[in-house]
Amino acid sequence: MAAPAPPRLRIGLRARLFLVTIALAAIPVVGVGYVREMETLLREQQEQNLLAAARAVATALNDRPAVRRLRGRAAAPPPPVPAASPAPASGSAPAPAVEPGSEPVPGGAGDPAPAAAAEAGTAPPTPEAPAPSRVIATEENAVPERAGEEIDAIVASLNRARSRIWVVDRKRALLALGGSLRGPAAPTAAPEAPPSAWERLENTVLRPLYQRLLARPNDDFDDSLPETVISSGPEVDRALTGIAGARWRATPDNRAVVVSAAHPVFAGDTVVAAVVVEETTNAIQTFTVRAFEKLISATLAVFVIVAAIMLLFASRLAGRVRRLRDEAESAVDAHGRVRALVTASHAGDEIGDLSRSFSQLLERLAQHHDYLENMGARLTHEFRTPVAVVRTSLDNLAMQPLPAEAGEYMRRAGEGLDRLSRLVTRLGEARRLEHALRDGERTVYDARTVVSGCVDGYRQAYPQVGFETRITAAPARVNGSPDLLAQALDKLVANAVGFAAPGTPVVVRVQADDEAVQVDVENTGPPLPAATAARAGARLFDSMVSLREGSADGEAHLGLGLYVVRLVAEFHQGVAAARNRDDGTGVVVGLRLPTA
Amino acid sequence: MAKRIALVEDDAAIRANYAEAIKRHGYDIVSYASRPEASAAFRVRLPELAIIDIGLGAEPDGGFTLCRELRAASATLPIIFLTARDSDFDIVSGLRLGADDYLTKDISLPHLLARIAALFRRADLAREPQAAEETIDRGNLTLDMKRFLARWRGREVDLTLTEFWMVHAMAKFPGHVKNRDQLMGDAKIVVDDGTITSHIKRIRRKFAAVDPGFDAIDTVYGMGYRWRE
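Chain order of the listed sequences is A and B. Numbered by the numbering used here, the letters in the first sequence go through residues 1 to 596 in order. Numbered by the numbering used here, the letters in the second sequence go through residues 597 to 825 in order.
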């Protein structure tokens, strides 16, 4: 049962929950929509307000004597098309100079000034544009001039903050101009209470960010009134035909947006002029930007708080899961032995449940494992009594006078009993060894002495097998028990002899370097099953695992020998390993013990 | 008068088999199936030798309790543990409680009878003044073959019968390697190699207790042990 490979891309719980917080981005999106809606509403409102203001001014102007005089003037000619009919009918003034459409001067508002100057005969080409409010179109003589003055006065009286009002007659001549698109200089902010931490943060971190992201409207825009605006504004055209209207345009330098509302001025039934009220949208813009700023600040704050909470939560969660994982991993060692039980958590949530079921699982596993490990010892114990019954019975029988032929049966029964007895003894051997290892004494000894001594013994014990030794000249000192190493070597050699092809030697090798002493026993013979080599290689050293297919020697193989080897290796803080020879002609089983 | 042996064993078949064999060898045998039964009988009259199983019916350590009681009643009474348990822990516990020998149940009856005879001999001779000596002297080691007593540099080493026989097997021919099977045969036991190793370890420890510099038992790895003179 292979464990599924972990995914290549690992996204931790924390990262996941952090991604979830991105859902908070919906807040500003909704907020932006809301602010935009608000802005539209405010713009409409402003338009309406301006129209109302224009209507108010127009109403104030309606049927004023000054306006009526305009009517007298304007009665004869038809409403002129600005650019097409340049010359007014009764004009002593130099027409070309005053015709607005013919002279597209960039500083439109300053345009009338040179015209006035030209009329006066002196022509000082003043580069600076004079203040627009001072300028009055004077292409007519006294009459319009006086009309202009009167209108001017009315306009001035109706002036509104931050708005500009101008009046044009049917010939698009500017009759009056009042107010300014710029508001009065903002009063310097009163010294406030020392800024709070949040305000400081806002000022130092957020403001520069906002300034980068959001163009805050300022009063530093070109508030000139270009001729083109006066002459070609569609709202003016419409107003001059009697219909009030509004228009949005940008200032010449594109720094601000201006809303202008135009309303006709009537003398009787005739439209004689148009009043235009203009305002920038700066107020709305300011409001919008501030709303955005607040939105961003609030969102950021919420995001930071939520992200922090999520992170905290996820860290705790991930920490618990990690702890559980670590405990679970360390609970079972490489041989599947349950070492320590996961401490069951008391938490009432799913992770607590998981921890508790892990704990139960491991407990059951530990019990089962214990059962298996004790099986050998228990079997020994349980078998011993019936074996004793048989043995004592046979012994008693042997003391009786028996018929001659009974002797042979007695002998056979005795042999069988001896085998059974050996089997029972061996079953308990690993267990006893485990006990012995638990309080085993350690000494530092040279593995070479033990191995060479053992091999001398094996030469006598297995006269039919040749033994080759390749023992290093370097000292091979290890920390452990020489008796145990000899015991392990017994098992390895017994195994190797059992598997060795007839006539081939068993090679016993000791190598040593600074880190470890390697003791190998090598035999020519059938290799470990290739398919299971990797897994069985490790499992071979477990209790009661045997890869022998059958026993030719009549001895039972319980699969305890290599388990003993493993226990001895572990006692020496080393490892036991089995592998096939590189050329597949045999098997090498060995111990790797750290140098003392 | 026949020697009186008490057998405490909970398995009826084994009890009967042992009892019959022992009786056949001329001993007087009384057998008990449980600790309370045996305890009650021992309070009335002590046997001259006791063979005790450790696990007695419902009492897994009933034999140990019994051994303690017997040892309290008599310091010299020979006690043999005869049990299915063979862990070092049980062996050490049993011997520490004052048992004279610890045998596993797969011992054969002749081996058991030989031990009983030896223990009786030792007990009898211990009561008598030094009689005709039958000893083996190997340098610092003196083995009293009648009383089964071992002395090292004149001081007595408290060996069990099994241990004594092992020492004897090695010391009889100093310098000769005795392999484990030979030691088992001489000690009249059938155990595995690991148990022999534990026995040797215990013997060394007992000698070391009277002489910390003791190193007369050599381990010849892969072959066995030998006595060095």
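Rather than coming from a laboratory, the hints here were simulated on the basis of the structure. Note that the structure is predicted; figures quoted are calculated from it, not measured. C-beta atoms are modelled at their ideal positions from N, C-alpha and C, and glycine is treated no differently. Do not rely on the hints blindly, as some may be mistaken.
[To be verified] Partner residues are not named here, just some residues of chain B that face chain A (Cβ under 8 Å, in silico):
#	residue
1	Y614
2	E616
3	S630
4	R681
5	D682
6	S689
7	T700
8	L745
9	W748
10	G750
11	G781
12	D807
[Said to hold, decoys possible] Restraint-style ranges between C-beta atoms, simulated for each label pair:
#	chain 1	residue 1	chain 2	residue 2	range
13	A	E415	B	V688	31 to 39 Å
14	B	D657	A	D418	46 to 54 Å
15	A	V332	B	R639	26 to 34 Å
16	A	L402	B	V640	48 to 56 Å
17	A	E468	B	V688	49 to 57 Å
For each hint, the structure was consulted:
1. Y614: With a minimum Cβ separation of about 6 Å from chain A (threshold 8 Å), the hint on Y614 (chain B) holds.
2. E616: For E616 (chain B), the interface hint holds, since the closest Cβ of chain A sits about 6 Å away, which is under 8 Å.
3. S630: Interface hint status for S630 (chain B): violated (16 Å vs cutoff 8 Å).
4. R681: 6 Å, holds
5. D682: Nearest chain A Cβ about 6 Å off; hint holds.
6. S689: 12 Å, violated
7. T700: 7 Å, holds
8. L745: 28 Å, violated
9. W748: 21 Å, violated
10. G750: 28 Å, violated
11. G781: Hint violated; G781 (chain B) Cβ to chain A Cβ min 13 Å, cut 8 Å.
12. D807: 18 Å, violated
13. A:E415 / B:V688: 31 to 39 Å: 33 Å, holds
14. B:D657 / A:D418: 46 to 54 Å: Given a distance of about 30 Å, which is not inside 46 to 54 Å, the answer is violated.
15. A:V332 / B:R639: 26 to 34 Å: Taking Cβ atoms as reference, V332 (chain A) and R639 (chain B) lie about 53 Å apart, which means the hint is violated.
16. A:L402 / B:V640: 48 to 56 Å: 40 Å, violated
17. A:E468 / B:V688: 49 to 57 Å: The hint (49 to 57 Å, Cβ to Cβ) is violated, given that E468 (chain A) and V688 (chain B) are roughly 41 Å apart.
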